[in-house]
Amino acid sequence: MIHPHDSVIVTTLSRLLIPLVQLYAVYILFFGQYGPGGGFVAGVILGASLIFGVLVFGPEGNPSGLAKKVLHGDGLGLIVFAGVGGLCLIGGGEFLNYANLKIPGLEPSARRSLGIVLTQIGVALDVAVAAVSIVFSLAFFGHDEDSHA
Amino acid sequence: MLTFELPLLILLLITAAGAILVKDLISAVLMLGSYSFFLALVWAWLGAVDLAFVEAVVGGGLGTVFFLLTLFQTDPKDQAIRRTAPPVAALLGLPLLGLLLLYAADDLPEFGDPASPASVHISPVYLENSLQDTRTPNVVMSVLMDYRGFDTLIETVVIFTAGIACAALLRRTSV
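So the protein sequences, as listed, match chains A and B.
Residues in the first sequence are numbered from 1 upward in steps of one, following our numbering.
Residues in the second sequence are numbered from 1 upward in steps of one, following our numbering.
Any given hint could turn out to be false.
[As the list claims (entries may be wrong)] Below, computed lysine to any residue pairings styled on SDA-like, alpha-carbon distance capped at 25 angstroms:
{"#": "1", "chain 1": "A", "residue 1": "Lys69", "chain 2": "B", "residue 2": "Ala165"}
{"#": "2", "chain 1": "A", "residue 1": "Lys68", "chain 2": "A", "residue 2": "Leu78"}
{"#": "3", "chain 1": "A", "residue 1": "Lys102", "chain 2": "B", "residue 2": "Leu131"}
{"#": "4", "chain 1": "A", "residue 1": "Lys69", "chain 2": "B", "residue 2": "Ala168"}
{"#": "5", "chain 1": "A", "residue 1": "Lys68", "chain 2": "A", "residue 2": "Leu16"}
{"#": "6", "chain 1": "A", "residue 1": "Lys68", "chain 2": "B", "residue 2": "Leu170"}
{"#": "7", "chain 1": "A", "residue 1": "Lys68", "chain 2": "B", "residue 2": "Phe150"}
{"#": "8", "chain 1": "A", "residue 1": "Lys102", "chain 2": "B", "residue 2": "Phe150"}
{"#": "9", "chain 1": "A", "residue 1": "Lys68", "chain 2": "A", "residue 2": "Thr12"}
{"#": "10", "chain 1": "A", "residue 1": "Lys68", "chain 2": "B", "residue 2": "Thr161"}
{"#": "11", "chain 1": "A", "residue 1": "Lys69", "chain 2": "B", "residue 2": "Val157"}
{"#": "12", "chain 1": "A", "residue 1": "Lys69", "chain 2": "A", "residue 2": "Pro19"}
{"#": "13", "chain 1": "A", "residue 1": "Lys69", "chain 2": "B", "residue 2": "Ala162"}
{"#": "14", "chain 1": "A", "residue 1": "Lys69", "chain 2": "A", "residue 2": "Phe141"}
{"#": "15", "chain 1": "A", "residue 1": "Lys68", "chain 2": "A", "residue 2": "Ser14"}
{"#": "16", "chain 1": "A", "residue 1": "Lys102", "chain 2": "B", "residue 2": "Tyr147"}
{"#": "17", "chain 1": "A", "residue 1": "Lys68", "chain 2": "B", "residue 2": "Phe72"}
[Said to hold, decoys possible] Derived coverage of chain A by chain B (criterion: at least 3 residues anywhere in the stretch with Cβ under 8 angstroms from a Cβ of chain B; other residues may be distant):
{"#": "18", "segment": "22-36"}
{"#": "19", "segment": "73-84"}
{"#": "20", "segment": "121-134"}
[Stated by the list, open to error] In silico contact screen, one side only, chain B against chain A (beta carbon under 10 angstroms); selected entries:
{"#": "21", "residue": "Leu100"}
{"#": "22", "residue": "Asp146"}
{"#": "23", "residue": "Ala168"}
{"#": "24", "residue": "Leu170"}
FYI, nobody ran anything at the bench for these hints, they're computed from the structure.
Beta carbons: idealized from backbone N, C-alpha and C, even for Gly.
This is chain A alone, in the form it adopts within the complex (with noise of 0.2 angstroms):
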């Protein structure tokens, strides 16, 4: 069981360091379309920070209220993706072919563009919690059975 962290040194750096963390995942997430990153990469380290914030503060401490929010997400990072896809059914093309998306005053290539920015936030939400949900199925359930049992 992971109980607070008592050190105020670590506190007050983890304080400083998660935001960085995560504002630096979204520069990743939205890099990606110009160097290394993307959505999968930015959605581990986004989880990441959450789980840093969790390990630090304890299930129980404030800043791992987001962390628990986080895990009612299931499939939402899915359902970005798909839609996006479904929106270019509706659009009058293919499956994710993103030139489809009906958004008025782009080109083709643009809406491409568009689209791939839309499924890397798919799939960055979708790691981010799955990433989060493991950890707390790891090591925040089902431990009063155990001691049961």
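Start from chain A and add chain B according to the hints.
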């Protein structure tokens, strides 16, 4: 040319062997994490920076955290581990397999050869059209998310399934 590859290969071998041979399981997990970082350096050296990024973040970061959290549920200094001697068939067969693989590796195309079959089939199409088609300079990303979007969708389904399966198997109480 070999100045970076040879030390990296040796470090990979040392950390991999160390992760197997070390008795203390937490040390083994940390060895595995450092193995992932050396592997990330290898990918970066070979030009696959996206892959290096994923290897460092997942193998070195998230995987280590998962292993450590699992170990905290058990006794990390498990003295009951006994390693029996490997069977004769493995001792004879695995070096033979290695020799066969080395023999086959001789026929592989040169690394980065522009005339190799993998580089002439469909990669040039992606490289030439990615910028006009998708306004995405990073071809890896345009292939992953646009040209091969369906593959990535199914990969996302796999990750979703992994999260759901862990929750179903490991959670025994409600939140």
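Evaluated hints:
no.: 1; hint: A/Lys69 - B/Ala165; verdict: holds, 19 angstroms
no.: 2; hint: A/Lys68 - A/Leu78; verdict: holds, 19 angstroms
no.: 3; hint: A/Lys102 - B/Leu131; verdict: holds, 21 angstroms
no.: 4; hint: A/Lys69 - B/Ala168; verdict: holds, 18 angstroms
no.: 5; hint: A/Lys68 - A/Leu16; verdict: holds, 20 angstroms
no.: 6; hint: A/Lys68 - B/Leu170; verdict: holds, 16 angstroms
no.: 7; hint: A/Lys68 - B/Phe150; verdict: violated, 30 angstroms
no.: 8; hint: A/Lys102 - B/Phe150; verdict: holds, 20 angstroms
no.: 9; hint: A/Lys68 - A/Thr12; verdict: holds, 21 angstroms
no.: 10; hint: A/Lys68 - B/Thr161; verdict: holds, 19 angstroms
no.: 11; hint: A/Lys69 - B/Val157; verdict: holds, 21 angstroms
no.: 12; hint: A/Lys69 - A/Pro19; verdict: holds, 17 angstroms
no.: 13; hint: A/Lys69 - B/Ala162; verdict: holds, 19 angstroms
no.: 14; hint: A/Lys69 - A/Phe141; verdict: holds, 15 angstroms
no.: 15; hint: A/Lys68 - A/Ser14; verdict: holds, 18 angstroms
no.: 16; hint: A/Lys102 - B/Tyr147; verdict: holds, 19 angstroms
no.: 17; hint: A/Lys68 - B/Phe72; verdict: holds, 21 angstroms
no.: 18; hint: 22-36; verdict: holds (count 5)
no.: 19; hint: 73-84; verdict: holds (count 6)
no.: 20; hint: 121-134; verdict: holds (count 9)
no.: 21; hint: Leu100; verdict: violated, 34 angstroms
no.: 22; hint: Asp146; verdict: holds, 6 angstroms
no.: 23; hint: Ala168; verdict: holds, 9 angstroms
no.: 24; hint: Leu170; verdict: holds, 4 angstroms
The structure is inconsistent with the numbered hints 7 and 21, although it conforms to all the rest.
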